[in-house]
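Visitor: Here are the chains, one letter per residue:
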Amino acid sequence: MSVLLRATELEGRPIVTFAGERAAEVKDVVFDSAKGSLLGFTLRSHGLFSRARKDMLPWTKIHSIGRDAVMIRDEDAFGGEDALAADGVPDHRNVIGNQVLTDGGTDVGTVVDVIIEAGSEAEIVGYEVKASDALATHGEHVLIPLPDAIAVSGEHLIVPAGALEFVGNDLSGFGAAVEAFRAKLRQGGS
Amino acid sequence: MKLREAYGRKVVSTDDAEAIGRLDAFIIDPRQRSVVGLRLAKVRGDRPFLSWANLQGFGTDAITVGSADLLRLAADEAEERAASKALQPIEKLVLSEYGTALGKVEDVDFDETSGALVGFDLGDAGNVSSDRLLGIGSYAVVVEEAVQEAAPGGGPITS
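For the protein sequence lines, the chains are P and U, in the order given. Letter by letter, the first sequence follows residues 1 to 190 in this note's numbering. Letter by letter, the second sequence follows residues 1 to 159 in this note's numbering.
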C-alpha cells in the first residue's frame, strides 16, 4: 500500500512514538540527490520554543507516514547527522523554485512542490509545477510525472518531453499517470 | 465500569471505616492493558499510591481497601509519571499506528474486578477494543490498526 504526498504537507507534522509521545516534528524532507529517493526527515523540537535538532529520522526507521502523524516505534529511530553530512544532499527547499526544462529545451515552469510516493520505500514520483506559458494551463499548478531514477539537484531540472503527455491536476489520478508514463519509457517510447 | 465517573470517588478503609482519600488518577499499564494502581488526593501523609492488587472493592459509591497502611509511595519514576495528569486518557487524541487520528477518548470501559481495560469510547467515532492498545502518552493514545476481515489484496501490514 502506498500513498502520494506533497513534501510541504509533511512540514510540521508531529512524529509520535507507539508510547504516545510527540518526539519531534518534521522540519524538512531530505532527498538523495543522485537517486531521487527520500532519505528521511530533519527534525525540530515541538512547542513554543521550537528549534532545529541535529539528529534526523531516516526513512528506514519510520513505521508509517499518516495523515495526522508520522509514527515511529520509539525514539531509537532517530539517528545521527551522518546521513545528512553527505555532500550534495539537498532538502526539498533546494528544488522548490527551480526551473523545469524538457530534454527538448522547453520551459515547463517552476517547481512549487515535490510529490512523494510513500510505501515500504519512498521515492520522488513527480513535481508540482507552476506552469509556464508553454503549457496550455499556464499559471496553474500541474503535476509532472518523473522517470523512476532522476537527479533532483541542479539549478535546472530536466524531464523527458514525453512527461508532458501525462501531466495531472490532482493527486488522486496522478499515481496512475506516473505508472503509465514509466511504462511508456520502459517500452522505449519517448 | 467507566473511568470518567470514577474520578473523585472516595476511598474507604474497611478496618476503621474511615475515608482515606479520593481517587485522583489511574495508573494504567498499556502492556497489560490494565489499571494497575491508583493515586489518591486528600490523603493524610505523603503516601498517595495504592496497588490495584490491594483493593478490596471498586464500587459505584466507594473504593474499599483493608487498611490505610496499604497506602504507599510511588514505586518508581515510571509510576509517578503514569499517575500524572498528562497520562490520563480522557479527552486524549487517539492515533492509529499508521498515523491517522481516530478521534478523542470520551471514556474508557474497565472491568472493576480485575482492572482490565475493556475498550475506549470515542463518542461518535465509535469504540476501540483495548486489545488494540499500544501506548498511552502525553500526546496520544496509540492503537493498532483495526484488523479487516478478509481484506481484498491481503491482510494488514505487520512487522
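Hints should not be assumed to be uniformly reliable.
Said to hold, decoys possible - For each label pair, taking beta carbons as the anchor points, the in silico distance ranges come out as:
(1) D131(U) with D76(P): 49 to 59 Å
(2) D74(P) with Q56(U): 31 to 41 Å
(3) A161(P) with S129(U): 14 to 24 Å
(4) A161(P) with T100(U): 32 to 42 Å
(5) E145(U) with L171(P): 54 to 64 Å
Hints in this document: simulated from the structure, not taken from any laboratory. Backbone N, C-alpha and C define an ideal beta-carbon position, used for all residues, glycine too.
Visitor: Now tell me, hint by hint, if it's right for this structure.
Guide: Hint check results:
1. D131(U) with D76(P): 49 to 59 Å: Given about 25 Å between the Cβ atoms, the range is violated.
2. D74(P) with Q56(U): 31 to 41 Å: holds (37 Å)
3. A161(P) with S129(U): 14 to 24 Å: violated (54 Å)
4. A161(P) with T100(U): 32 to 42 Å: holds (39 Å)
5. E145(U) with L171(P): 54 to 64 Å: About 22 Å separates the Cβ atoms of E145(U) and L171(P), which means 54 to 64 Å is violated.
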